[in-house]
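On the provided structure of chain D, position chain F as indicated by the hints.
In the order they appear, the protein sequences are chains D and F. In terms of the numbering used here, the first sequence opens at residue 690 and continues consecutively. In terms of the numbering used here, the second sequence opens at residue 690 and continues consecutively.
Hints were generated in silico from the structure; no laboratory data involved. Any given hint could be a false lead.
A pair counts as met if it fits within one copy or between any two copies, since identical chains are not told apart.
[Unchecked claim] No farther apart than 30 Å at their CA atoms in a straight line, the calculated lysine-lysine pairs in the DSSO-like style are these:
no., residue 1, residue 2
1, Lys708, Lys1029
2, Lys1029, Lys1060
3, Lys1087, Lys755
4, Lys890, Lys864
5, Lys800, Lys968
6, Lys875, Lys1110
7, Lys1087, Lys757
8, Lys1110, Lys800
9, Lys691, Lys957
10, Lys884, Lys804
11, Lys864, Lys1016
12, Lys1110, Lys737
2 protein chains.
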Amino acid sequence: MKHLEVRDLYTNLDSYMDKEVVLRGWIRNHRKQKDFGFIDFSDGTFFKKVQVVYDSNIEGFDDIQKIKTGSAITVEGKVIPSPAQGQEFEVQAVKVVLEGDCPDDFPIQPKRHTKEFLREEAYLRPRTNLFQAVFRVRSVAAMAIHEYFQSRNYLYVHTPLLTTADCEGSDQMFKVTTLDFANVPKTEEGEVDFKEDLFSKQTFITGTGQLHGEAFATAFSKIYTFGPTFRTENSNTKTHANEFWMIEPEIAFCDINGLMDIEEDMLKNVVKYVLEHCKEEMEFLDSFVEKGLLEKLNKVVNTPFVRITHHDVVDILRNSGIDWEFKPGYEDDIAKEHEKFITEHFNGPVFITDWPKDIKAWYMKVNEDGKTVAAVDLEVPGSGELMGGSQREEDYDKLVKRIQEMDVDQETIQWFVNLRKYGTCVHSGFGMGFERLVMYLTGIDNIRDAIPFPRTPGNCNF
Amino acid sequence: MKHLEVRDLYTNLDSYMDKEVVLRGWIRNHRKQKDFGFIDFSDGTFFKKVQVVYDSNIEGFDDIQKIKTGSAITVEGKVIPSPAQGQEFEVQAVKVVLEGDCPDDFPIQPKRHTKEFLREEAYLRPRTNLFQAVFRVRSVAAMAIHEYFQSRNYLYVHTPLLTTADCEGSDQMFKVTTLDFANVPKTEEGEVDFKEDLFSKQTFITGTGQLHGEAFATAFSKIYTFGPTFRTENSNTKTHANEFWMIEPEIAFCDINGLMDIEEDMLKNVVKYVLEHCKEEMEFLDSFVEKGLLEKLNKVVNTPFVRITHHDVVDILRNSGIDWEFKPGYEDDIAKEHEKFITEHFNGPVFITDWPKDIKAWYMKVNEDGKTVAAVDLEVPGSGELMGGSQREEDYDKLVKRIQEMDVDQETIQWFVNLRKYGTCVHSGFGMGFERLVMYLTGIDNIRDAIPFPRTPGNCNF
Chain D
690 MKHLEVRDLY TNLDSYMDKE VVLRGWIRNH RKQKDFGFID FSDGTFFKKV
740 QVVYDSNIEG FDDIQKIKTG SAITVEGKVI PSPAQGQEFE VQAVKVVLEG
790 DCPDDFPIQP KRHTKEFLRE EAYLRPRTNL FQAVFRVRSV AAMAIHEYFQ
840 SRNYLYVHTP LLTTADCEGS DQMFKVTTLD FANVPKTEEG EVDFKEDLFS
890 KQTFITGTGQ LHGEAFATAF SKIYTFGPTF RTENSNTKTH ANEFWMIEPE
940 IAFCDINGLM DIEEDMLKNV VKYVLEHCKE EMEFLDSFVE KGLLEKLNKV
990 VNTPFVRITH HDVVDILRNS GIDWEFKPGY EDDIAKEHEK FITEHFNGPV
1040 FITDWPKDIK AWYMKVNEDG KTVAAVDLEV PGSGELMGGS QREEDYDKLV
1090 KRIQEMDVDQ ETIQWFVNLR KYGTCVHSGF GMGFERLVMY LTGIDNIRDA
1140 IPFPRTPGNC NF
Chain F
690 MKHLEVRDLY TNLDSYMDKE VVLRGWIRNH RKQKDFGFID FSDGTFFKKV
740 QVVYDSNIEG FDDIQKIKTG SAITVEGKVI PSPAQGQEFE VQAVKVVLEG
790 DCPDDFPIQP KRHTKEFLRE EAYLRPRTNL FQAVFRVRSV AAMAIHEYFQ
840 SRNYLYVHTP LLTTADCEGS DQMFKVTTLD FANVPKTEEG EVDFKEDLFS
890 KQTFITGTGQ LHGEAFATAF SKIYTFGPTF RTENSNTKTH ANEFWMIEPE
940 IAFCDINGLM DIEEDMLKNV VKYVLEHCKE EMEFLDSFVE KGLLEKLNKV
990 VNTPFVRITH HDVVDILRNS GIDWEFKPGY EDDIAKEHEK FITEHFNGPV
1040 FITDWPKDIK AWYMKVNEDG KTVAAVDLEV PGSGELMGGS QREEDYDKLV
1090 KRIQEMDVDQ ETIQWFVNLR KYGTCVHSGF GMGFERLVMY LTGIDNIRDA
1140 IPFPRTPGNC NF
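Only chain D is shown next, with the shape it has when bound in the complex (with noise of 0.2 Å):
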């Protein structure tokens, strides 16, 4: 017999209502008493779980009560109305069986567990309720950010992560090889002889998409990418991590205020979806891991995001009386003491564009004014920086100067400065990093919580 799944009997209720139905999942606790028992059972299919009762009559009462938490089963029984409060309904089991059992020195009982310790079972953590709902949330919010683009006609591109291409400079990427270390080859001058590794070059994993997004985007007009990105950072910060998920769209023919208007709208949407598509996993998520969340992410999909320069910006923190420990700067970056404040200053998402030029990246189009570009980051109360976006240097004689200025190896992206020459027009783009607005959607705190399996200097574990 064909079993069910726990959210088909959440979401058709009426029609299982008092059938015999089959249930295949886990069991996340086990409550027994002389003559009764109680099994919280999960699929993992829907964040609430199933309430199973049995009696002594069953078949193998004895047995069925010695099967431990986490041990996987089958259960056969009918949907009855459920006496107990806070529930609609339970399984009367008539038949339980032990799939798969499970010792005592399961990490995961029915306790409440640190966030560290989850860490060290980062492989069995997505049984616990609090990462059922995160990586429910993300798996949601992931097609939310597909359908947003796709309905609206964007091309889906999948940029390569092999490049020879130095745009970010070589620190920042992972090198990535097919020669022995223990055993580099070397050319008679004593240089490491990439002519032996597979590519024939020196290769990296990249850290953008977004000029192979470019080449795209003067093609189809309106593209978006969504893969995973690699910075070797070595940074220990609960924002930071070495291998993360990136969305990078690039649209011809827009400028720096269509792309605000696109971010703005992109981010409303995935908000209103996950909302909609989440609810039992955002109510939890309000009650145990930020209080005010579904209140902060409704607010945002109805209020208007403020637009306001790095300058006036800079106004605003000298004129708050406040003691920065960085003093703000009109050619400085914006810390983080300084987005808080923003943020909680304005109770909502803050866009802040024209930020000085020397700061911000070399394919930027700098604004008339010759000091500050036409860059823009998306500041959101809590998670800090979501977007970065700028409209892109389309001139080739300007953009040619910046990377003379900004000393990047021209050599290697030459095709990507030829997009200049061959047809260019306006056009810009934005990346946002997904683990932030992953825990933006869901206040976990800590990046490492927002990915299945976190990659951080030093861990590199499962």
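Quick look at chain F alone, frame taken from chain D:
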């Protein structure tokens, strides 16, 4: 004035007919006559181009006639019924503005280019008809896969690419490092000192997300991955690349027969989705790339797939009367020539099951005969193996025995083995190479033309 996308124009033609519109995009071809001009205009949002016509009354007629193929332009004009055959409408321009010009040496001229030539210009080839079709189908097929699994409540899992687990043999995997190749740090014993590497261990890019996917399947029941995958294979065939995308679903409480049901249902749904969403592209591919493509795919949607054991396939091959280059053997793998014969013999997709255990992976469930495993490959006409899957060994002791027999390093995957200790269950999964699918859907016969920027031995350009 906000510009209109060509897709909107085509899909809502009635509401734009006889109206003024603004379009932004690129000139694919420019035919000039003394008092007229015709521009084949594309913004890449729709496969079909728009014919823009202008006459000598337009302001700047002489300058407009000088605008070259490849240039970016803004067109203001009126949508009118077209007198030309084969097109319902054209745009009578009242204004043409050059946004970005294009020199004569633009490689993508309005003539037939070989695919080999276009690979050398990979960053520009998306501007050709062929790659407009292939990469749109690729994008839509990716969405079809997400749509299929998400609407059936599978969890999308981002499994890590960086790994220390040596599950497929480290010769198959790229090494990843932050160490300086020219100056590899050594221990006192003269070994490479990975303590100085970012993760303090030797690290690889993984060739599969299966192991991590199984961890999530034992928590959410049904999961899928969809991400990039890497192999170091030094092989220059039409079907191998060193970087490609894979889909790897994993389903708890599902045996090999259930797995085949899912594979078949998914493929049929993805084909149907692409046929519905890429009508123009598929017609083009049917006409110019693979004659009979549409017929082939429509048949796939409507015909049950054959299911046959490896043993019976060998019988058919041996009884075929063909003088094979590789003699079919009951203990051997199936060669390309055999795949071809079998899919032609059955004239459609064929599931081949129950493979000799010695040529298959260590994690597959050994059948009761002790000789074969519960593995299944799906072979499709023209493209060969499209999916490979198996029921997994769910018994702890049997799995450990196979790990030892096959000489796999158990230490780095002990966590994976432990999944058999904590509530194990019957479960199955498969992998589908996404480029293989794109080739099957488009008729493209070389993987280098199915992926935006291909990476093959000696080739990591752009």
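Treating 30 Å as the Cα threshold, decide for Lys1087 and Lys755: within, between, both or neither.
between (74 Å within a copy, 25 Å between copies)
Lys890 and Lys864: within-copy, between-copy, both or neither at 30 Å Cα:
Answer is both: 11 Å inside a copy and 15 Å across each meet the 30 Å cutoff.
Indicate which option fits the pair Lys1029, Lys1060 if close means a Cα-Cα distance not exceeding 30 Å: within, between, both or neither.
Cα proximity of Lys1029 and Lys1060: one copy only (26 Å, versus 63 Å across).
With identical chains, the pair Lys1087 and Lys757 could be close in the same copy or across copies; at 30 Å between alpha carbons, which is it: within, between, both, or neither?
between (68 Å within a copy, 22 Å between copies)
Quick one: Lys884 to Lys804, C-alpha cut-off 30 Å, is that within a copy, between copies, both, or neither?
Between. Shortest inter-copy distance 26 Å satisfies the 30 Å Cα cut-off; intra-copy 46 Å does not.
Could you figure out if Lys691 and Lys957 sit no more than 30 Å apart (CA to CA) within one copy, between two copies, both or neither?
between (39 Å within a copy, 22 Å between copies)
How do Lys800 and Lys968 come out at 30 Å by Cα distance, when the copy is not named: within, between, both, or neither?
within (24 Å within a copy, 54 Å between copies)
Identical-chain pair category, Lys1110 with Lys800, by Cα at 30 Å:
between (63 Å within a copy, 20 Å between copies)
What label fits Lys875 with Lys1110 when the C-alpha limit is 30 Å: within, between, both, or neither?
neither (39 Å within a copy, 48 Å between copies)
Identical-chain pair category, Lys708 with Lys1029, by Cα at 30 Å:
Cα proximity of Lys708 and Lys1029: none, with 54 Å in one copy and 49 Å across.
For Lys864 and Lys1016, with the copy left unspecified, which applies at a CA distance of at most 30 Å: within, between, both, or neither?
Classified as neither; 37 Å inside a copy, 43 Å across copies.
Within a copy, between copies, both or neither: which one fits Lys1110 and Lys737 at a CA-CA cutoff of 30 Å?
between (57 Å within a copy, 25 Å between copies)
Violated hints, in rising order: 1, 6, 11; the structure is consistent with all others.
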